[in-house]
Amino acid sequence: MAYKSRVLFVCVANSARSQLAEALLRHTDSEHFEAFSAGTAPTQVDLRALAALEQLGVATVGLHSKSLEEVEGQPFDFVITLCDKSSLECLALPDAGEYIAWNFEDPATSDQPDAYRHTLHEIHERIKMFVLVKNKR
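Under the UniProt record's numbering, residues 1 to 137 are what the sequence shown spells out, in order.
Because the hints were derived from the structure by calculation, they are not lab data. Each residue gets a CB set at the ideal place from its N, CA and C atoms; glycine is no exception. Certain hints may be false.
[Said to hold, decoys possible] Pairwise CB distance ranges (calculated): (1) Y3 <-> I100: 30 to 40 Å; (2) P75 <-> H118: 15 to 25 Å; (3) Q44 <-> N135: 18 to 28 Å; (4) P75 <-> K136: 20 to 30 Å; (5) D114 <-> G73: 32 to 42 Å; (6) L56 <-> S110: 17 to 27 Å; (7) K136 <-> P113: 17 to 27 Å; (8) G73 <-> P113: 40 to 50 Å; (9) K136 <-> D111: 32 to 42 Å.
[As the list claims (entries may be wrong)] Once the Cα atoms are required to be at most 25 Å apart in a straight line, the calculated DMTMM-like pairs of lysine to aspartate or glutamate come out as: (10) K85 <-> D95; (11) K4 <-> E72; (12) K85 <-> E70; (13) K128 <-> D114; (14) K85 <-> E31; (15) K134 <-> D114; (16) K4 <-> D77; (17) K66 <-> D84; (18) K128 <-> D29; (19) K134 <-> D77; (20) K66 <-> D77; (21) K4 <-> D29; (22) K66 <-> E34; (23) K85 <-> D111; (24) K85 <-> E98; (25) K66 <-> E98; (26) K128 <-> D84; (27) K134 <-> D111; (28) K4 <-> E70; (29) K136 <-> D29; (30) K85 <-> E69; (31) K4 <-> E31; (32) K4 <-> D114; (33) K66 <-> E105; (34) K136 <-> D114; (35) K136 <-> D106; (36) K134 <-> D95; (37) K136 <-> E54; (38) K128 <-> E31; (39) K136 <-> E98; (40) K85 <-> D114.
Using the sequences plus the hints, can you model the full thing?
Here's what the structure looks like:
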């Protein structure tokens with residue numbers, strides 16, 4: 001079996017953006033990537049994030065909020081932060097290969113209608129580009 005790149009998505013609460021990213025990467029290319037997510041101050045998965053994923057037909061089984069401590073010591077080829085706050089707190093992971101900082105507005109604090117669907121779409125577009133670029137290696 002071919003090696004899969006391990007990708008960790010991080011945001012503060014691990015409730016929406018990182019959960020969306022984890023599920024979307026699995027959905028987009030589980031053949032080449034293993035997706036994980038964690039939060040610097042995890043809470044619980046936002047039901048609106050799950051609803052947005054389900055509307056797109058993306059599996060949500062097994063998604064739950066995890067702390068960075070739960071993944072500490074695991075090797076990751078990529079650590080992708082999804083907000084500025086988490087990118088500052090994430091540089092302490094010693095077993096990470098490449099750090100990538102993405103910054104998406106938190107749909108929970110957005111006053112935009114359809115904020116979760118909008119964030120889902122933005123993250124999905126970025127993940128499709130990530131997969132395209134990283135699979136060319």
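Hints versus structure:
| no. | hint | result |
| --- | --- | --- |
| 1 | Y3 <-> I100: 30 to 40 Å | 19 Å, violated |
| 2 | P75 <-> H118: 15 to 25 Å | 33 Å, violated |
| 3 | Q44 <-> N135: 18 to 28 Å | 33 Å, violated |
| 4 | P75 <-> K136: 20 to 30 Å | 22 Å, holds |
| 5 | D114 <-> G73: 32 to 42 Å | 39 Å, holds |
| 6 | L56 <-> S110: 17 to 27 Å | 18 Å, holds |
| 7 | K136 <-> P113: 17 to 27 Å | 37 Å, violated |
| 8 | G73 <-> P113: 40 to 50 Å | 42 Å, holds |
| 9 | K136 <-> D111: 32 to 42 Å | 39 Å, holds |
| 10 | K85 <-> D95 | 20 Å, holds |
| 11 | K4 <-> E72 | 19 Å, holds |
| 12 | K85 <-> E70 | 19 Å, holds |
| 13 | K128 <-> D114 | 21 Å, holds |
| 14 | K85 <-> E31 | 31 Å, violated |
| 15 | K134 <-> D114 | 30 Å, violated |
| 16 | K4 <-> D77 | 9 Å, holds |
| 17 | K66 <-> D84 | 19 Å, holds |
| 18 | K128 <-> D29 | 9 Å, holds |
| 19 | K134 <-> D77 | 11 Å, holds |
| 20 | K66 <-> D77 | 19 Å, holds |
| 21 | K4 <-> D29 | 10 Å, holds |
| 22 | K66 <-> E34 | 16 Å, holds |
| 23 | K85 <-> D111 | 20 Å, holds |
| 24 | K85 <-> E98 | 18 Å, holds |
| 25 | K66 <-> E98 | 21 Å, holds |
| 26 | K128 <-> D84 | 21 Å, holds |
| 27 | K134 <-> D111 | 34 Å, violated |
| 28 | K4 <-> E70 | 20 Å, holds |
| 29 | K136 <-> D29 | 13 Å, holds |
| 30 | K85 <-> E69 | 17 Å, holds |
| 31 | K4 <-> E31 | 7 Å, holds |
| 32 | K4 <-> D114 | 34 Å, violated |
| 33 | K66 <-> E105 | 20 Å, holds |
| 34 | K136 <-> D114 | 34 Å, violated |
| 35 | K136 <-> D106 | 31 Å, violated |
| 36 | K134 <-> D95 | 19 Å, holds |
| 37 | K136 <-> E54 | 30 Å, violated |
| 38 | K128 <-> E31 | 14 Å, holds |
| 39 | K136 <-> E98 | 16 Å, holds |
| 40 | K85 <-> D114 | 24 Å, holds |
Violated hints, listed in ascending order, are 1, 2, 3, 7, 14, 15, 27, 32, 34, 35 and 37; each of the other numbered hints is respected by the structure.
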